[in-house]
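Q: Chains as they are written, first to last, in my numbering: chain A, 1 to 314; chain B, 1001 to 1317.
Honestly, the hints are just simulated from the structure, not real lab data.
Please note that the accuracy of each hint is not assured.
[What the hints assert, rightly or not] Beta-carbon label-pair distances, calculated as ranges:
{"hint": "1", "chain 1": "A", "residue 1": "G246", "chain 2": "B", "residue 2": "K1248", "range": "51 to 59 Å"}
{"hint": "2", "chain 1": "A", "residue 1": "G103", "chain 2": "B", "residue 2": "N1055", "range": "29 to 37 Å"}
{"hint": "3", "chain 1": "B", "residue 1": "P1057", "chain 2": "A", "residue 2": "A302", "range": "39 to 47 Å"}
{"hint": "4", "chain 1": "B", "residue 1": "P1176", "chain 2": "A", "residue 2": "L107", "range": "31 to 39 Å"}
{"hint": "5", "chain 1": "A", "residue 1": "L175", "chain 2": "B", "residue 2": "K1309", "range": "37 to 45 Å"}
{"hint": "6", "chain 1": "A", "residue 1": "G129", "chain 2": "B", "residue 2": "Q1221", "range": "51 to 59 Å"}
As the structure is a computational prediction, the values presented were derived from the model and not from experiment.
Think of the CB as a built atom: it goes at the ideal place given N, C-alpha and C, for glycine as much as any other residue.
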Amino acid sequence: MTSRFSFGNGAALLQRLGSVIGLLLLIIALSVLSPDFLNAGNLLTVLRQVSINALIAFGMTFVILAGGIDLSVGAILAFTGAITAGVMAAGHGMALAIGVGLGLGLLLGVINGVLVSWGRVAPFIATLGTMTLLRGLTLSYTQGQPIGVSNSSFALLGDGYIAHLIPNPVVWMFLVFVICAFLLRGTVFGRHVFALGGNEEAARLSGVRINAMKLGVYGLSGLLSAFAGIVLTSRLYSAQATAGSGYELDAIAAVVLGGTSLAGGRGWLFGTLVGALLIGFLNNGLNLLGVSSFYQQVVKGAVILIAVLLDRRK
Amino acid sequence: MNKLGFLAVSTLTLLAAACSNQGPTDAASTPAAASTSPAPAASNKTIGLALSTQNNPFFVALKNGAQKEAAADGYTLTVVDAQDDPAKQISSVEDLIQKKVSVILLNPTDSSALAGAVKEANDAHIPVITLDRSVDGAQVVAHIASDNVVGGSEAAKFLIKALNNKGNVIELQGVPGTSAARDRGQGFDDEIKTSGLKIIAQQPANFDRAQGLSVTENLLQAHPDVQAIFAQNDEMALGAVRALDGAKRANVLVVGFDGTPDGIQAVKDGKIAAIVAQQPDMIGQLGVKNAKSVIDGEKVEAKIAVPLKLVTKDNAQ
């Protein structure tokens, strides 16, 4: 549980602030390079662009902190998005549709947790399995076609604004961030997440209910993926059969860029938000600069590699 | 991560920015823009192109056509790529809006998901022209695509002539409900109806080569007396060729649609009799041409059909 208190340690603090300093440097660099970058409109646009990834990455942070990994987040997003749109297409109201979607996401996450805990399957394999299974279910449910959504109040979830200025997905992102940060820092559950990832055996001996904890973290990841799926469905006015392909990797990249250790037990949620923003600003800035999308991938890959290399050195 | 790491990141960003002026993909547009028009006014000489994917030769050809046309007049073309993800495409359209391009050429990943992005562009007073696929529920100044109905009837005319207006045809259909499948089928069926040919079977094989193979195998069993197969895309046509090979029915004429490299090769090899080829480079070229007209305040046609080309062994290259 040292990680909880290492924040007071000067060197660790500096290391953590590294991602924040990095983000600031990137923002300064892009402001100098592109005249279109630094204005409220563009910054809000980027915040909205990163919101889906950030929502997923917050859940992923819990899973990674607890020493696991969740590859099924993109598939859960697609499946729950399709079901939510399907419930509305069948003539039901928006509240029921969202409830079904969120409930399904939680359930799918808990199934991951059961496979990983009682099933003793390695998280990588367990969630790879559920990812593939859910991709197949989504394609067969949608028949490969988008499911349109015509409910106009549902469209506000992802497409509306607060005070004609702040996009709703940005509001969801910050709300969920606050709730998750409290969960991680202010509750027994959060302390046990760190303990589990730091040393599972030690955590077990000190009375942490390992299996129940795993259900909790994977369940939370599933729930947040479903929420991201609902917001995305709203933003696209439709559920797409192949939505969220590769989102698991974007989420993992955000967590790692934020300074959370892939080995578990060490990290922070704010870093994940910063990591998601880094990816978002990089995407946005490279587009504004007119960099070919081929090079964009090279840059993003290099950034992730550097981050992981630095993480190894710690 | 520490400071050092992010210095590296910033350097990489700068490097990438530098690459963008020299990279092979931009080579067509940038040098010309740089040499012929010193410091072009960014606000009226920049066109954005939002592609659905570059992981498909069709859209790469479209992009190349657009770049060539832009370079010819010293326009800057900013290309963004959505990697077939509609959410990513909304983001990249937003980036083009922030970049204040004059016109956005949008090649949507999907007809149903991009209406919001088009509205955002319109709110920012940036006109949008859609390429190849249209967008439902949003206002665009023009839509540029191949005329699939005409293409379907071209395919029918070829078969009517090749079979001397007599014989039975099988039609392999694309994904039901897509505009390409609908329009190609309509053009073909209408033309055949007024001729001496007869469509004895129609079945979807979903634009897929493997399904084209199995559907053709089944249909050949059920309808041995067949002289030609029309497939609504090249992939299904190539599947049909495999089925005909397996059944030793080399005399059945196959007609495809699209003009993919594999398809054209099969025409050269004599496996496919003809292909109604789309001209993606011309879609890109016409996109930029019309964007220029919009910038100059001229009126453009709301619907622009790009001509198709019948490729046979005589003109395949």
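Q: Against each hint, give a clear statement of whether it holds in the structure.
A: Here is what the structure says about each hint:
1. A:G246 / B:K1248: 51 to 59 Å: Roughly 44 Å apart at Cβ, these two residues miss the hinted range, so it is violated.
2. A:G103 / B:N1055: 29 to 37 Å: holds, 36 Å
3. B:P1057 / A:A302: 39 to 47 Å: violated, 28 Å
4. B:P1176 / A:L107: 31 to 39 Å: Once the Cβ atoms are compared, 32 Å apart, the range 31 to 39 Å for L107 of chain A and P1176 of chain B holds.
5. A:L175 / B:K1309: 37 to 45 Å: violated, 55 Å
6. A:G129 / B:Q1221: 51 to 59 Å: violated, 38 Å
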